[in-house]
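Take these sequences, add in the hints, and give me the full structure.
Sequence order for the protein chains is D and P.
Using numbering that gives the first Met the number 0, you'd call the opening residue of the first sequence number 0 and step up by one each time.
Using numbering that gives the first Met the number 0, you'd call the opening residue of the second sequence number 0 and step up by one each time.
It is worth saying that the hints were derived from the structure and are not from the lab.
All C-beta atoms, glycine included, are put in the ideal place defined by N, C-alpha and C.
Be careful, since some hints might not be right.
Reference listing, derived: stretches of chain P covered by chain D, where coverage requires no fewer than 3 residues with Cβ under 8 Å from a Cβ of chain D [to be verified]:
| no. | stretch |
| --- | --- |
| 1 | 210 to 218 |
| 2 | 228 to 240 |
| 3 | 308 to 322 |
| 4 | 342 to 351 |
Chain residues, written in single-letter form:
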Amino acid sequence: MQRKRISREILKMQKNPPPGICIFAKDDKLSLLESKIKGPEGSPYEAGIFTLEIQIPERYPFAPPSIKFTNKVYHPNVDENGRICLDLLKMPPSGGWKPTIGIEGLLIAVRMLLESPNPDDPLMSDIACEYKQNIKEFIRKAKEWTEKHAT
Amino acid sequence: MDNMDNEEITMLLKYPMMRKTVENGVDKYQGVIDVNETMYKVCVAESDKGCTLKLPSELVHLQDDFITLQSTLHLKGVVSCLDALKNLIEDKIPSSAPANHCDIYIQVLFEYSEFTKFYVSLKSCYLHHDLSKISVKLLDEQNREHSVVIKVNYNGKEIFEILEYDLPVEKDKLKSSSSLRVVYDNFAGLVSELQTYFQLMEEFDRSCFVIDPVDQKYRHNYRRIWLDDNLSMIVTINPFRMCQIPEIKFLGPDSLTESYYSNINNTILEWDANGNIFIEIMKLIGLDDYPQKPETAIEEDILVNTGDCCICFSSRLNDKLPEVVCKHAFCGNSYHVECLYEWLVSVNARKVFSNIVGQCLNCEKNISCPIPS
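Pasting the structure below:
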């Protein structure tokens, strides 16, 4: 059941790709996927193409996949190892994962997070502080990192 | 009655609410003056040395300014003193009366009527009833329609300013001016400068399977083009430097994108700045033609069909159909018993006799599922 659902999800995203997002499998078992995301227009990540590693757990879709960036990203909700702080990636009651969300929904949410960071629930508190107090400097650094690590 | 001198007549005409008295040989005027429809109580004593003013409490902070003004302008006489005071008040105290925009209204109407008389490439032109903006639609050389909304700015020198437009141009490239024609000519000039850009983008939209942007507008200077199930390319055009090699990025597995990037490296020197850009881009990435979107079966486009289980995304699971249907109107999502049960257990839902009760994944209202044997 799990493989059937994932292959269906991938097929749908390949035939009808969501804006700025592309996905493909890294192994035959469909337990490791990779996604490339173009930085959203108008954001400091605009010029970059970001790679995400998606690990599908055995209990998928009852447990959420784990998603992380493999490029370095300067963002209040992404840590040095590319881990992402996103409500939808966690199980209830603390998180908001539901089997109906699917991989496409998660990737769209990750891209939206790049577009509008959530400094009130940060993983990197110093970057969150900078985002709130000195947005110009934040944008400059985020652009610089994008240039360096994602192009 | 004494003969009135000129000063006294002007006083009466300009400040009729000031009454003259004579105290110990000194002329004194007492009363109110009207500035911006507000009344101020003042008292002026006129002697040989000049005038001394007594200001009401709400104007006391202007006293020093007034004294400096008086000595620099060498003011003599009551009338000139009161005139100076009036100007000072107008200057320093904001008027509560609504501003008078008559001059601007006249200019807007004049400019607008001149404008509609002399331009022929306009498809439509419409001045909003409150004179706040002008919507213009113009047709370019290829009969493309471009809309622009020009705002009337009542608080600046440049009263016409472009508010909404759809061009791949930063706002600071658009001119503001006190002449509607200058603003429009600047915009129309950009449109005609961008003709080759519009042509190229239309060529992409016509000949390729464009993934992004979904709703293409003139301001979108990029196209994400489908190359393969796993691969797409993003071409970003510099609208004002059309013969330059555009920025090209690929979205897909590294194994595929690397060969495309090396293709570009090999062919980049063959770029012909005078050639047809659309074909030049194709040559650059080593294609004979852009691939067309393959026919897809309907089930590939839709993730979950009506009646499918919204957890496993299929209708049959171990030969069973989705049996649990959400009872709430407008929802009606279906689930296999096994799927819904496993999910409700993972979120620690309540068990009641032979059922487990939790929330529907779609509408979040209560849903009950039999516990499978």
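Hints and how they fare:
Counting residues of the stretch 210 to 218 of chain P whose beta carbon lies closer than 8 Å to any beta carbon of chain D gives 4, which reaches the threshold of three, so the coverage claim holds. Residue count for the stretch 228 to 240 of chain P with a Cβ under 8 Å from a Cβ of chain D: 5. That meets the three needed, and the coverage hint holds. Using a Cβ-Cβ cut-off of 8 Å, 6 residues of the stretch 308 to 322 of chain P lie near chain D, which meets the minimum of three, so the contact claim holds. A count of 3 residues in the stretch 342 to 351 of chain P with a Cβ less than 8 Å from any Cβ of chain D is obtained; the coverage claim is therefore met, three being the minimum.
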